[in-house]
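*Asks:* Here is what each chain is made of, one letter per residue.
Number of protein chains: 2
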Amino acid sequence: MSITYGYPKAFIFDVFGTIVDWRNGVANVSQKFFDEKNLDENPHSFADAWRAKYQPAMDKIRSGNRGYFPLDILHRENLDQLLSQLDLTETFSEEEKQDLNRAWEQLPPWPGCVEGLNAVKQKAIIAPCSNGSIALMTRLAKFGGLPWDCIVGAEIAQNYKPHPNAYHKSVAALGLQPNEVVMVAAHNSDLVAAKECGLQTAFIARPEEHGARQTIDLEPSEKWDYVVTEIGELASI
Amino acid sequence: MSITYGYPKAFIFDVFGTIVDWRNGVANVSQKFFDEKNLDENPHSFADAWRAKYQPAMDKIRSGNRGYFPLDILHRENLDQLLSQLDLTETFSEEEKQDLNRAWEQLPPWPGCVEGLNAVKQKAIIAPCSNGSIALMTRLAKFGGLPWDCIVGAEIAQNYKPHPNAYHKSVAALGLQPNEVVMVAAHNSDLVAAKECGLQTAFIARPEEHGARQTIDLEPSEKWDYVVTEIGELASI
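These protein sequence lines map, in sequence, to chains A and B. The numbering used here puts the first residue of the first sequence at 8, with every later residue one more than the last. The numbering used here puts the first residue of the second sequence at 8, with every later residue one more than the last.
One thing to keep in mind: the hints can contain errors.
For identical chains, the list gives no copy identity; a pair is met inside one copy or between any two copies.
With a Cα cut of at most 25 Å, we get these calculated DMTMM-like pairs of lysine to aspartate or glutamate [claimed, not checked]: (1) Lys149 <-> Glu102; (2) Lys149 <-> Glu237; (3) Lys16 <-> Glu102; (4) Lys39 <-> Glu226; (5) Lys149 <-> Glu187; (6) Lys149 <-> Glu240; (7) Lys104 <-> Glu187; (8) Lys176 <-> Glu203; (9) Lys16 <-> Glu103.
Please keep in mind that the hints were generated in silico from the structure rather than gathered at the bench.
Please take these sequences and the hints and turn them into a complete structure.
*Replies:* Written out as structure tokens, the structure reads:
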């Protein structure tokens, strides 16, 4: 579709929602913990409530009001808040809370992602550009078989998307120029920020990321460089 | 051999010399450039002379006299010095010098390394802990088929081995404790530094890293946790 540049030298990917199904993944792990305690919490509501604390937690860091902490720590802080709100703080031991926090390391890739990434990897560098830490991205990759060449993103940048540093420092770590790199995401806001940093952009809709009644990011919000329905299509653009 | 800990959660590897044959790799690429210019430089002497500038360049950063610059830049500075010493500065164009500097991205793995790393990867996280940059490690991995889970090392730490930060920050980026991680190297000095940081240690001799007349690092200098002759042996310790 794009004729401005040659084939990209790297594709960097949003991960939560774009590559992996965080909502069902977190719900599946949480359900096991609820079952052990005979709780009838709705695991999808729990996942949604946990995720709802994600952007506010990162906002403090993006705004400069807090130094960088990896997402694993923010997830744990958010979990503690959520358990408190649900009056479940005493229900789980410290060790159980640590294990529950590792739900974010056990998220299934969307169908076709592993095959698609392997195809793209034959032609360019592939790496996550996620708000997840290197430790989290590494474990997610081992869990789901994601064949990354390397890991860039928030920890490399010491700041969270959509702060421009997250894109600029990721591109620099790859030894490339912004226009040699494609940001791939299911979230239009991620692509808006990447485009402002000079990256190429690719949108893939994930209409069930937030469940059956999702209303956002069902379609590209503007004319991105590429719009695909499977990751593997990026191997033949 | 070690019975102190359970099976390690991660193995981090020195790369230049331990995983890849930098001397023959750099010599092979350099030879092509010399042939094009009808030069009769000895490519192995050239590789040795280039590499001899490696530690002094990093010393300035390790000592705090210079901020962190990725190794790609140090390699290029060292190349320019070397070409000047050989009265070859004008022989190569700027583009040719950039290409020649990429010799360090085209280093063949020692026999058995790829298979060995794949075996270890089934049991633990594997990552380079090299003085090479993320960009350089990524390209080396694609060149040689090195199946890293992620990349840690100098760029993560913003300092060079054997500075303790290079080990401590790499272990932290993996979300692990030092005693859960094994540093694997063909250089005893690397293992001395890793051990001081609390990591486990594994030695593998590379008796031809520096050519047929190598005199250093032919044997382990002390009782490391593991001594292997093939990387794959680490999968069954």
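*Asks:* For every hint, state whether the structure bears it out.
*Replies:* Quick rundown of the hints versus the structure:
Taking the closest pair of Cα atoms, Lys149 and Glu102 come within 25 Å of each other only inside a single copy of the chain (22 Å); across copies the shortest separation is 39 Å, beyond that limit. In this assembly of identical chains, the alpha carbons of Lys149 and Glu237 lie at most 25 Å apart whether taken from the same copy (21 Å) or from different copies (24 Å). For the identical chains of this complex, Lys16 and Glu102 are inter-copy neighbours only, at 18 Å across copies versus 43 Å inside a copy, given an alpha-carbon limit of 25 Å. When the C-alpha separation of Lys39 and Glu226 is checked against a cutoff of 25 Å, the pair qualifies neither within a copy, at 34 Å, nor between copies, at 51 Å.
For the identical chains of this complex, Lys149 and Glu187 are inter-copy neighbours only, at 18 Å across copies versus 27 Å inside a copy, given an alpha-carbon limit of 25 Å. In this assembly of identical chains, Lys149 and Glu240 lie within 25 Å of each other by CA distance both inside one copy and across copies; the values are 23 Å within and 21 Å between. In this homomeric assembly, Lys104 and Glu187 come within 25 Å of each other (Cα to Cα) only across copies, at 21 Å, whereas the closest approach inside a single copy is 42 Å. In this assembly of identical chains, Lys176 and Glu203 lie within 25 Å of each other by CA distance solely inside one copy; the values are 14 Å within and 31 Å between copies.
With identical chains, the CA atoms of Lys16 and Glu103 are at most 25 Å apart between copies only, with a shortest distance of 20 Å across copies and 43 Å within one.
Going through the hint list in order, the structure does not satisfy hint 4, though it satisfies all others.
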